[in-house]
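*Asks:* Based on the sequences and whatever the hints tell you, model everything.
Taken in sequence, the protein lines are chains A and B.
In this text, residue positions in the first sequence follow our numbering: the first is 27, and each later residue adds one.
In this text, residue positions in the second sequence follow our numbering: the first is 17, and each later residue adds one.
These aren't lab readings, by the way, just hints derived from the structure by calculation.
Every value quoted in this text rests on a predicted model; they were computed, and no experiment measured them.
Do not take every clue at face value.
Between beta-carbon pairs, the in silico distance windows are [stated by the list, open to error]:
hint: 1; chain 1: A; residue 1: E169; chain 2: B; residue 2: E31; range: 54 to 64 Å
hint: 2; chain 1: B; residue 1: N22; chain 2: A; residue 2: L91; range: 43 to 53 Å
hint: 3; chain 1: B; residue 1: L41; chain 2: A; residue 2: T294; range: 18 to 28 Å
hint: 4; chain 1: B; residue 1: Q61; chain 2: A; residue 2: I244; range: 26 to 36 Å
Here are some of the chain A residues that sit facing chain B, going by a computed Cβ distance under 10 Å [as the list claims (entries may be wrong)]:
hint: 5; residue: G116
hint: 6; residue: G121
hint: 7; residue: Q211
hint: 8; residue: E217
hint: 9; residue: S221
hint: 10; residue: I228
hint: 11; residue: G230
hint: 12; residue: G231
hint: 13; residue: S232
hint: 14; residue: G233
hint: 15; residue: G240
hint: 16; residue: I244
hint: 17; residue: C248
hint: 18; residue: L268
Heads up, the beta-carbon is just placed ideally off N, CA and C, and yes, glycines get one too.
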Amino acid sequence: MNIQVNERAIEVPAGQSAGALRDRVKPDADLLIRNGFPIDAATPLEDGDRLVLIRRGEVPAAGELETLLTARHSPGVHAKVKQACIGIAGVGGLGSAIAIALARIGIGQLIIADFDLVEPSNLNRQQYFLDQIGQPKVYALKESLARINPHVKVTACHLRLTPANIGEVFGHARILVEAFDRADQKAMLIENFASRFPERAIVGGSGMAGYEPGNTVITRKCGSRLYLCGDGVTAAAEGVGLMAPRVGIAAHHQANVVLRLLLGLEPTGDGDSP
Amino acid sequence: MTIEINGTPRELTTETTLADLLAELNLDARHLVIELNRQIITRQQHADTRLQDGDQLELVHFVGGG
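*Replies:* Okay, here's the thing in C-alpha cells:
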C-alpha cells in the first residue's frame, strides 16, 4: 500500500503499523500523526494514509523542510510566488503582517525597509515580541520570518526612505507594498516609486483605524496600477486608534493583492487580468 | 472645457493648472497621488501642469494609519 510519510510517497506492506514504518524511516521520531491526528505506534496503517513523523523540538533539515513547507502550497501557485521579489516600505502594523503572510505562502524574496525601532506601544497590532523591544524593526522581523520560513531571502534595510533612495532600495522589487503610517509619507513613496518604475504595480493602505465593521475594508484600483486597501477614510486619531483586527484585515487585503498580481489575476476581481 | 476627475466630468471655465484645481477643491497636495492621463504627476509639477480639454485626472487621497 502507498503511504505519504513526511510528504513523500512510500510503498509499505499491507497492515504495517505506524511504529514499524517509523522505525524504518525516522527511528528517532516521538510523535506520529496520521491524517492530522496523533496515533500510537501500534496503530495499523491503511492505504492512502498521510503520516507525519516528528521528533519534538527538532528543526527539520533544509531539504526535508522545503518538502514539508511546500506540501501545503498549491503547486501552480508556489512556482510563481517563489520567483517573486516584493518590496515592503514600512514594517509597522501593516508591513509586519504582510511580510509574514507572504513568507508563509513561500515568497522568494522580500525587501523590507524601515527606520523605526520596536517599542512597547507597537505590540497592540504589530507582529513583534516583548523580547524584541529596542531592536530595529527590520532586523527583528527578518529574524521572525526566518523562524517561519528560512527559504525566503530577506533584505533588511534599516533606513528612512526618501525620494533619494527609494529607487535604489526597491530597484529589484517587482511590486511595491506601501505600509507607512503617515498620509504624506504614503503619497511621497508612491509618487516617487511610480514615476521611477512606470510599469510596476503598487499596493497601498489607506483607512484602517478604529473598530468600524471589517467589511468596510476593501480593495480598490486607483489609477492605472495602484491598488488601495482600506476604507479610504478612517484615519488614526485620538479615540480612533490603530488596532490589531482591522489593521490585520487591511494588511491581508494587501498581501492578497500581491498574490493575485503574481498569479496574473485582477486583484479587485473586476475583469480577467490586471 | 471638460475634464474628468476620478471618472466624474467637471467643467473648467478658465485656464487652470493642477495646483489651481487642488486649491479650488480644497485638497492638500501632500496627501495626494495624482495621475493625469495615466501618468504620475509629482508635486513639483503641479504648478506647471495646465489642464486641457479631455484630460483624465485621478486624485488618490490618503489618510494616516498603518
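*Asks:* Confirm or reject each hint.
*Replies:* Going down the list of hints, with the structure as the test:
Distance hint check: the CB atoms of E169 (chain A) and E31 (chain B) are about 57 Å apart, consistent with the given range 54 to 64 Å. As the Cβ distance of N22 (chain B) to L91 (chain A) is approximately 48 Å, the hint placing it in 43 to 53 Å holds. A beta carbon spacing of about 26 Å between L41 (chain B) and T294 (chain A) agrees with the range 18 to 28 Å that was offered as a hint. At roughly 30 Å, the beta carbons of Q61 (chain B) and I244 (chain A) sit within the given window of 26 to 36 Å.
Interface hint status for G116 (chain A): upheld, as the beta-carbon distance to the closest one in chain B is roughly 6 Å, under 10 Å. Because the smallest distance between the Cβ of G121 (chain A) and any Cβ of chain B comes to about 7 Å, under 10 Å, the interface hint for this residue holds. The closest approach between the C-beta of Q211 (chain A) and any C-beta of chain B is roughly 9 Å, which is under the 10 Å cut-off, so the hint is satisfied. For E217 (chain A), the interface hint holds, the least distance from its beta-carbon to any beta-carbon of chain B being 5 Å, beneath 10 Å.
At about 5 Å, the closest approach between the beta carbon of S221 (chain A) and any beta carbon in chain B falls short of 10 Å, and the interface hint on this residue holds. Interface restraint check for I228 (chain A): the shortest CB-CB distance to chain B comes to about 9 Å, inside 10 Å, so the restraint holds. With a least beta-carbon distance of about 7 Å to chain B, the hint placing G230 (chain A) at the interface is held under the 10 Å criterion. Below 10 Å, beta-carbon pairs count as interface contacts, and G231 (chain A) has one with chain B at about 6 Å; its hint therefore holds.
This hint holds: S232 (chain A) has a C-beta 5 Å from the nearest C-beta of chain B, less than the 10 Å allowed. About 5 Å separates the beta-carbon of G233 (chain A) from the nearest beta-carbon of chain B, less than 10 Å, and the hint is met. Hint status for G240 (chain A): violated, given a least beta-carbon distance of 15 Å to chain B, over 10 Å. Contact between I244 (chain A) and chain B, as hinted, is not supported at the beta carbon level, the nearest pair being about 14 Å apart and thus beyond 10 Å.
The closest approach between the C-beta of C248 (chain A) and any C-beta of chain B is roughly 4 Å, which is under the 10 Å cut-off, so the hint is satisfied. Checking L268 (chain A) against chain B by beta carbon gives a least distance of about 5 Å; that is within 10 Å, so the hint holds.
Figure legend: structure checked against the earlier numbered hints; hints not met, in rising order: 15, 16.
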